[in-house]
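**Student:** Sequence:
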Amino acid sequence: MPFSFDKEFSAAGYTSLENAFITEYLGRAGGDAVKVYLYGLYLCANPQRESDAAAFSAALGIPEDAVMDCLTFWEEFGLISILSKDPLTVKYLPARAASYAKPRKYKAEKYSDFVKGVQALIPDRMISTGEYTEYFNIMETYGIKPEAMLMIVKYCTDKKGNDVSYRYISKVAQDFGNRGVSTVEKVEKELSSYILRTAEIEKILAALSLKRAPDIDDLKLYKKWTQELSFDTDNIVFAAKTLKKGGMGKLDEFLCRLYSMKCFSKEEIADFADKKQAVYELTIKINRALSVYVEVIDTEIENYVSKWISYGFSGEALLFIASRCFMLGKNTLADMDALVNELRLKGFIDLPAVGDYFDMQKKTDAFISEYLVLCGLSRRPTPWDRENLSVWRSWNFSDEMIKEAARLSCGKSSPVAYMNGILSNWKNKGIFSPADLSEEQPAGGAGSDSQEEYNREYERRRGIALSRAQKNLDLALQQEGFSPLYERLFSIEKDLAFAEIAGNADALKALETEKKSVTERAESILGQLGLSLKDLSPRYACEKCKDTGYIGTHRCDCFEKYKNVK
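Residues in the sequence shown are numbered from -8 upward in steps of one, following this note's numbering.
It should be emphasised that the hints constitute simulated quantities derived from the structure, not laboratory data.
Fair warning: there could be bad hints in the mix.
Stated by the list, open to error - Below 27 Å or equal to it, Euclidean Cα-Cα: the simulated DSS-like pairs (lysine-lysine) are:
1. 101 with 162
2. 215 with 236
3. 535 with 462
Sequences are here, hints too, so could you generate the full structure?
**Tutor:** Below you can see the structure in the form of structure tokens.
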């Protein structure tokens, strides 16, 4: 079996390529060397296949001599052992971490002139063995001739001075090697091209306010912009001036963006830049309207503002929406995005239409506030309230009937839910007007009294109860320290509900303890006024109907008692 695994390798049980090979060796090898290594692994797992140099050559399309050179290359790294060349017998060894890897063997005489030349080019420091080894590896891997490598080193010292790091030299040499620039002639051509383009690149660097000399990376970008993207040098300089800040990388992103938008001339670039600046400034204004501060604007432009503009929203419309979002407490871009999408789906795009939408919502909220007061609730409208109203109106109920249902729900533990039940009941019975409702009342007795008189009496009663409670509340809120306690009593109920839904027993216990403490402190302050927390809520004349005049859908007998007393 010419090809086989070493015992240690087999014991490790690898059936795929080791990570150590990828991390430590892959970057040092050329394409043919990698092909040969991988195919050898394949043969180890499949010993029945032909494995001589001719088979390698036929399978990979590589000359037999090149196959042997590649195998020798990996042997020098200690990854394989060539036991015999005829017949070809190779043993694969486990890949080791770089720090433990067997160094490649180089013949001293092969690179003696190169060693002297490098040291002469960098006279201010002694070149270490490790640095020389790095250069040898690059030359062997990419086939760079020593004379060509010396030209690369000289170029690097000319650009960076004698204190140039070997990492920079290696990076440049590897870049040349990857592009097949490996001979003296090719390196001369590459550097000549660079020298010829230095003046153009210097203009670009100056436009970006970069005070440094051009380098090979700059040349690569320049070639990309002029050859692949087809930009003229003057237009690249113009784009760089338009960009105002950032390095060559930022300019590359900008030019790629211009290319995708088919903006090549100065006029097209200027127009694109103006629009981009306008969007940038609009995004800042939107953030200010929302009272939001962010350090990186570009992400917000890409994720939100550019998208909104593509929908057809103008800057004025977006700022108007942002101000409304802030007023509604939706002061994040994600919240605004949800509202913008809602407006788009409903067809409210331009500023007048957006204004009409919010006017309608304002009127809707005003009506919701009106029936909430009739329910005995004193809070702001919520999305849930707006959804309920939309449903009730879809049932063909007039605002008058909705308010009537609100009156009947006043004093109930969940008045809005009770309203929904009443309206649903009326819908099923076909009751859609006050006249239909009057017909529902029994003849004689309370039903014989006019509906107008009946409603007026109970509005008076509720008004007295609500007015008294509001007066007590206004007096209490004037007392130092009471307002935050009162607000906390309301918010703690929401926290308790969430904790109960989440099943968080510890949170429930802590909140109950806090509620008791806040209640006691609030009662203490109210006690100084001769009041209690109950005095801040309406105290109705009739506890059965809560001064609504109805129990369910039937009149309460408290009106009859009122008439008799009267």
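**Student:** Could you grab the alpha-carbon distance between residue 101 and residue 162 and see if it respects the 27 Å cut-off?
**Tutor:** This hinted pair holds, its Cα atoms lying about 23 Å apart.
**Student:** Can the restraint linking residue 215 and residue 236 be considered satisfied, given a maximum Cα separation of 27 Å?
**Tutor:** Holds: residue 215 and residue 236 sit about 21 Å apart, inside 27 Å.
**Student:** Is it true that the CA of residue 535 sits at most 27 Å from the CA of residue 462?
**Tutor:** Cα-Cα ~24 Å, so holds.
In terms of the numbered hints stated before, the structure departs from none.
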